[in-house]
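Visitor: One-letter residues, chain by chain:
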Amino acid sequence: GENVEQHPSTLSVQEGDSAVIKCTYSDSASNYFPWYKQELGKRPQLIIDIRSNVGEKKDQRIAVTLNKTAKHFSLHITETQPEDSAVYFCAASTDYKLSFGAGTTVTVRA
Amino acid sequence: EAGVAQSPRYKIIEKRQSVAFWCNPISGHATLYWYQQILGQGPKLLIQFQNNGVVDDSQLPKDRFSAERLKGVDSTLKIQPAKLEDSAVYLCASSLGDGGTEAFFGQGTRLTVV
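Chain order of the listed sequences is A and B. Residues 1 to 110 (our numbering) are what the first sequence spells out, left to right. Residues 1 to 114 (our numbering) are what the second sequence spells out, left to right.
Hints listed in this document are in silico derivations from the structure and should not be mistaken for laboratory results. It is possible that part of the hints are untrue.
[Stated by the list, open to error] Pairs of lysine-lysine residues, derived as BS3-like cross-links and limited to a Cα-Cα distance of at most 30 Å, are as follows:
1) B:K15 <-> A:K57
2) A:K58 <-> B:K44
3) B:K15 <-> A:K42
4) B:K62 <-> A:K97
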C-alpha cells in the first residue's frame, strides 16, 4: 500500500517568515496530492491540491510543488501569520484511496 | 451545501463494551472513508466504500471493527469489544469518487475507552 512520509513533525517560524513542509510517497501510481490544515479540535480542511500532470500550483501565500520522478512534494507558506498555526497533513491518492502523512505542527511566533 | 454529518461528537465507554458511530456523507458523494486519528498522529484509513461496496479495508481490525454503508448513503462503524488503544477521533469523509477530488471531513467522534 501507499506510504506517505512527512517532515518535519514540528516547525516553529517567526511571523512573516516562510514555512516549508516536505512529503514523500511510495506508490508511483499516485496521481493526486492534497494538503489539509487541521486546527485544534476541528476537522481537516483542504487548503491546496495538485495533480500529477502539474509541477507547481500557487494560491496566494500557499504553493505546492511536485517532483514525480523523486516521488516527493512540498508545501510552501510565505509571509506566515498567526492564523497559519495548525497541523498540516499531506496526502497521496491512488485508485481513490487517500493516505495521509503523520502531520506537521506549525507554530507561528509573533 | 451541507457537510458531512457525524454522531455522536463524544463517547466514553468502558473497555470490552461496544460502540457505534454514524456518518451521513454529502449528497451525491459516492466514496466514503472512515479514518482513525490517534492524538498527535495523521488520519489512518480504516475502510473505504465506493457506493455500498468496500474498496479497501486492509487496515480495519476485523476481529473487533465492522462497518457498513446502507444503500450507498449513510454508514455506521462499530467496535465490539472496545480496547483502551481504540481511544481516538473517528473521522468520516466523503468525496465524489471519480478520483483526484477533494475529500470533505465530518467533525469526528472522539472516543475515550476507560
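Visitor: Against this structure, judge whether each hint is valid.
Guide: Hints, verified against the model:
no.: 1; hint: B:K15 <-> A:K57; verdict: 47 Å, violated
no.: 2; hint: A:K58 <-> B:K44; verdict: 28 Å, holds
no.: 3; hint: B:K15 <-> A:K42; verdict: 26 Å, holds
no.: 4; hint: B:K62 <-> A:K97; verdict: 19 Å, holds
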